Amino acid sequence: MASADKKQTIKHLPNGPYLCSNLSVLVSYADGTHKTNGFTGDKDPDGVPDKRENFEGDKVVVHDNRGLCAHAGRCTLETVFRPGKEPFVDANGASADQIIETIKQCPSGALSYSIDGVEHAERGGDPQIGVASNGPYICSGGAKLEDVELPEGATLDHVALCRCGASTNKHFCSGAHWDVQFDENAGD
8 MASADKKQTI KHLPNGPYLC SNLSVLVSYA DGTHKTNGFT GDKDPDGVPD
58 KRENFEGDKV VVHDNRGLCA HAGRCTLETV FRPGKEPFVD ANGASADQII
108 ETIKQCPSGA LSYSIDGVEH AERGGDPQIG VASNGPYICS GGAKLEDVEL
158 PEGATLDHVA LCRCGASTNK HFCSGAHWDV QFDENAGD
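With our numbering applied, the sequence shown corresponds to residues 8 to 195, in that order.
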């Protein structure tokens with residue numbers, strides 16, 4: 008558990024690893040991969056734009072920023088989240104409770120919701136960082152990201168940070184680890 012009197016931070020070092028201070032690290036992971044996979048901290052100018060869209064339903068408003076999406080595949084409520092269709096989100100496609108429970112599964116913070124004009128993006132908990140298998144670092148609990156500009160609608164409560172080096176939306180994961188078939192065990 009992180010100490011309440013110490014500031015919990017995650018700092019991205021230039022073209023390299025993340026330095027975590029005063030937070031629970033669920034998996035110790037520093038294998039030097041950033042040196043061998045061409046990792047840079049630069050955001051790709053052709054990456055998904057930082058733009059949050061709001062999809063209004065009768066009982067819930069769904070907020071979505073594709074520029075934060077790590078493509079973890081948790082938004083599987085297919086009557087609401089409709090890849091390849093416009094609009095992408097139908098906020099009346101299921102009950103508000105079903106939509107909210109699905110949004111709470113989003114590890115990247117790309118999805119949040121509002122009810123009666125009050126946004127619900129924070130989940131709480133102690134600051135910690137974990138590792139998704141062959142995917143991003145999953146940060147939760149509100150650790151401060153130092154020297155990182157947060158995308159529109161982003162919360163420090165939960166984000167997914169690039170680990171593979173291929174993200175077009177660095178420092179955040181864009182799901183490119185799927186495209187490059189990132190293997191955390193390569194080189195073992």
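Heads up, some of the hints might be wrong.
[Said to hold, decoys possible] Label-pair distances were calculated between CB atoms; the ranges are: (1) K92 to D133: 37 to 45 Å; (2) Q105 to D51: 30 to 38 Å; (3) E153 to E63: 31 to 39 Å; (4) E93 to K151: 34 to 42 Å; (5) K66 to P21: 43 to 51 Å.
These are computed hints drawn from the structure, not numbers from a lab. Small disclaimer: the values here were computed from a predicted structure and weren't measured. We put the CB at the ideal spot given by N, CA and C, even for glycine.
| said: Run through the hints listed earlier and report the numbers of any the structure violates, in increasing order. | reply: none
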